[in-house]
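Enquirer: Residue numbers (numbering that gives the first Met the number 0), protein chains in the order written: chain A, 0 to 175; chain B, 0 to 396.
You can trust all of the hints, since none of them are fake.
Derived contacts from chain A toward chain B, CB cut-off under 10 Å, selection only: (1) Pro143; (2) Arg146; (3) Asp152; (4) Ser161.
Lysine-lysine pairs mimicking DSBU-like chemistry, simulated, CA-CA at most 30 Å apart: (5) B/Lys74 with B/Lys103; (6) A/Lys60 with B/Lys312; (7) A/Lys60 with B/Lys319.
One side of the interface only, derived from the structure: several residues of chain B facing chain A at Cβ under 10 Å: (8) Val66; (9) Tyr93; (10) Thr111; (11) Gly116; (12) Arg121; (13) Gly144; (14) Val242.
Hints are computed from structural coordinates only; laboratory data are not their basis.
Note that the structure is a prediction, hence the values are computed from the model and not measured.
Cβ atoms here follow ideal geometry from the backbone N, Cα and C, with glycine treated the same way.
Each chain is listed here by its residues.
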Amino acid sequence: MTILDAFDRMMEHTARRIAQRSSRRGVLARLGGVLVGGAVLPLLPVDKTGAKLAHANEFAKTAQTKDPTKCNYWRHCASDGYLCSCCGGTVNVCPPGSYASPTAWIGTCVNPDDGQAYLIAYQDCCGKDSCGLCFCLGTEGEMPSYRPELNNDIVWCFGAPSMVYHCSSQVLIGKA
Amino acid sequence: MRLRALGVVAGLCGACLGSGSVSAQVQPATPIPPQMPPAAAQPTQEDHPTLVLPEPSPRWIYVLEPVFPYLVASKMWIFDGDDLSVKGMVSGGYTPNAVMSHDKSRFWLAETYWSRGSRGVRTDVVTAFDSKTLDPVGEVVLPNGRLLVVPKKHNATLTSDGRYLLSFNMDPAFSLSVVDVTAMKYLGELDTQGCSLAFPTGDRSVASLCPDGRFVHLTFDETGRVVTSELGQPFFDSENDPVFEHAAVHRPSKQAFFISYEGWVYPVRLDGMPKVAERWKLQGPGDEEWRPGGWQLAAFHAASNRLFVAMHKGGKWTHKQAGDEVWVYDVTSRQRLHRIPLPHHSATITVSQDDKPLLFALTETAILQVFDAVTYQPKAERSNIGITPWLLYTFGE
Numbered sequence: 000m001t002i003l004d005a006f007d008r009m010m011e012h013t014a015r016r017i018a019q020r021s022s023r024r025g026v027l028a029r030l031g032g033v034l035v036g037g038a039v040l041p042l043l044p045v046d047k048t049g050a051k052l053a054h055a056n057e058f059a060k061t062a063q064t065k066d067p068t069k070c071n072y073w074r075h076c077a078s079d080g081y082l083c084s085c086c087g088g089t090v091n092v093c094p095p096g097s098y099a100s101p102t103a104w105i106g107t108c109v110n111p112d113d114g115q116a117y118l119i120a121y122q123d124c125c126g127k128d129s130c131g132l133c134f135c136l137g138t139e140g141e142m143p144s145y146r147p148e149l150n151n152d153i154v155w156c157f158g159a160p161s162m163v164y165h166c167s168s169q170v171l172i173g174k175a
Numbered sequence: 000m001r002l003r004a005l006g007v008v009a010g011l012c013g014a015c016l017g018s019g020s021v022s023a024q025v026q027p028a029t030p031i032p033p034q035m036p037p038a039a040a041q042p043t044q045e046d047h048p049t050l051v052l053p054e055p056s057p058r059w060i061y062v063l064e065p066v067f068p069y070l071v072a073s074k075m076w077i078f079d080g081d082d083l084s085v086k087g088m089v090s091g092g093y094t095p096n097a098v099m100s101h102d103k104s105r106f107w108l109a110e111t112y113w114s115r116g117s118r119g120v121r122t123d124v125v126t127a128f129d130s131k132t133l134d135p136v137g138e139v140v141l142p143n144g145r146l147l148v149v150p151k152k153h154n155a156t157l158t159s160d161g162r163y164l165l166s167f168n169m170d171p172a173f174s175l176s177v178v179d180v181t182a183m184k185y186l187g188e189l190d191t192q193g194c195s196l197a198f199p200t201g202d203r204s205v206a207s208l209c210p211d212g213r214f215v216h217l218t219f220d221e222t223g224r225v226v227t228s229e230l231g232q233p234f235f236d237s238e239n240d241p242v243f244e245h246a247a248v249h250r251p252s253k254q255a256f257f258i259s260y261e262g263w264v265y266p267v268r269l270d271g272m273p274k275v276a277e278r279w280k281l282q283g284p285g286d287e288e289w290r291p292g293g294w295q296l297a298a299f300h301a302a303s304n305r306l307f308v309a310m311h312k313g314g315k316w317t318h319k320q321a322g323d324e325v326w327v328y329d330v331t332s333r334q335r336l337h338r339i340p341l342p343h344h345s346a347t348i349t350v351s352q353d354d355k356p357l358l359f360a361l362t363e364t365a366i367l368q369v370f371d372a373v374t375y376q377p378k379a380e381r382s383n384i385g386i387t388p389w390l391l392y393t394f395g396e
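Work out the full structure, taking the sequences as your base and the hints as a guide.
Expert: Take a look at the structure:
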């Protein structure tokens with residue numbers, strides 16, 4: 000069993016536990032899979048319509064779409080850590096010599112240009128010590144670590160060759 | 000004369016400890032190793048020994064610093080809580096968790112290292128530190144690792160008898176690694192069934208919090224295997240109003256207070272299967288703008304039945320915003336006793352467990368503040384506590 004298989008199983012476990020209290024239709028609507036880099040990642044329970052999105056709109060009121068090195072860049076609504084955009088990478092490209100993690104927790108941010116909500120995979124870049132530049136803490140829709148799929152404190156380097164956190168990416172999944 | 004010099008050093012350091020009843024001890028300087036020529040030893044008029052601390056006071060404050068810009072090199076600072084003078088420091092590994100012993104003789108760090116700093120072979124260990132010498136005195140390798148996460152206090156704990164340290168792991172299966180800290184031996188993993196964190200409930204039992212807002216309660220045997228596993232009923236709404244991980248937990252009295260994002264307090268008896276009492280709300284009429292938040296945002300002083308919570312003005316999803324005030328409650332009457340304004344807003348607080356307790360508040364800008372937790376008056380503050388100090392611990396918590 001690869002670590003990604005195990006990771007999927009872990010997340011299924013989490014999803015099942017949530018499902019014990021949710022309607023089957025609701026859970027099915029919120030679970031799925033998305034193909035990223037050849038690995039099937041769990042698309043975990045994401046509240047697309049409720050309070051989290053309402054607050055993503057709150058962040059979007061002061062967000063901008065031009066400068067990803069600033070904490071108020073629209074995709075950073077729930078990003079926690081050092082921005083890869085300040086560390087030699089971009090929102091979706093890891094700095095040289097670091098490893099792109101295939102796993103992530105998933106947030107929902109509103110792009111103020113079109114008013115649409117987008118799912119963002121908060122994947123870390125890994126394999127070197129913390130970049131240390133441009134620390135930002137977004138907490139929109141962020142949950143405690145017993146909801147790991149919605150927690151931004153965990154080192155999201157599962158499945159990467161190294162579990163050493165370097166910086167935080169904000170990779171677009173698609174429209175919410 | 001060597002012995003006389005030692006006596007002078009001990010006397011001076013006794014004075015700098017600020018307590019006439021505590022006599023400082025010293026360890027002689029490290030002897031010169033055989034491979035060094037004797038002439039390499041620098042002769043000095045004074046001796047150059049190493050201080051040994053007295054038994055820790057319950058008023059000392061232990062500050063865990065993950066050092067975010069340099070995560071591979073964490074620290075645990077130790078200060079005298081009354082005047083915030085430095086008692087000492089230990090070095091730790093990646094995103095450590097600290098656990099304090101019941102008898103004050105030890106504290107442990109569950110920590111992670113790579114053989115080449117940030118590269119190479121990963122090793123996860125529980126390291127025992129002597130609380131007087133601050134020397135690492137033993138370690139137990141965690142063969143299945145530990146969860147790497149911004150340090151959260153309840154990711155590691157100690158059973159009621161002080162024998163088993165439990166370290167949370169997501170490798171990625173959810174489990175608790177069991178370490179016998181008497182024998183300094185790794186025993187195995189307890190499957191937490193997808194639930195996280197560790198709240199001790201007895202000598203051979205522990206509870207974890209599940210994604211749907213219930214506890215799972217595990218009992219285990221002396222070989223580190225699960226004996227029973229019981230799921231409780233959901234006691235909070237984990238979709239709409241989750242409880243913070245940093246519940247205020249007092250291990251000796253087995254009491255805990257879980258606090259939700261919206262300010263509901265869930266009193267929990269951690270004695271066997273957790274028993275949740277009727278919830279109550281921190282905010283009353285006129286407090287609508289306020290909510291709890293920060294990191295280690297709550298503390299409980301058992302002898303006086305008082306709960307301390309960091310509060311700020313803010314909207315939904317400001318759960319990590321540092322507190323502008325600490326609100327103090329009597330948990331029996333569920334009435335607020337006091338509001339303590341914080342000169343510097345603080346994400347992390349704790350309270351010492353002695354009968355004239357101290358309240359500590361730690362900012363995200365490395366300022367530690369101390370208040371008299373009886374009169375609520377500020378006593379001292381200290382800046383530049385490293386770079387990113389994060390969690391607070393005391394003996395007796």
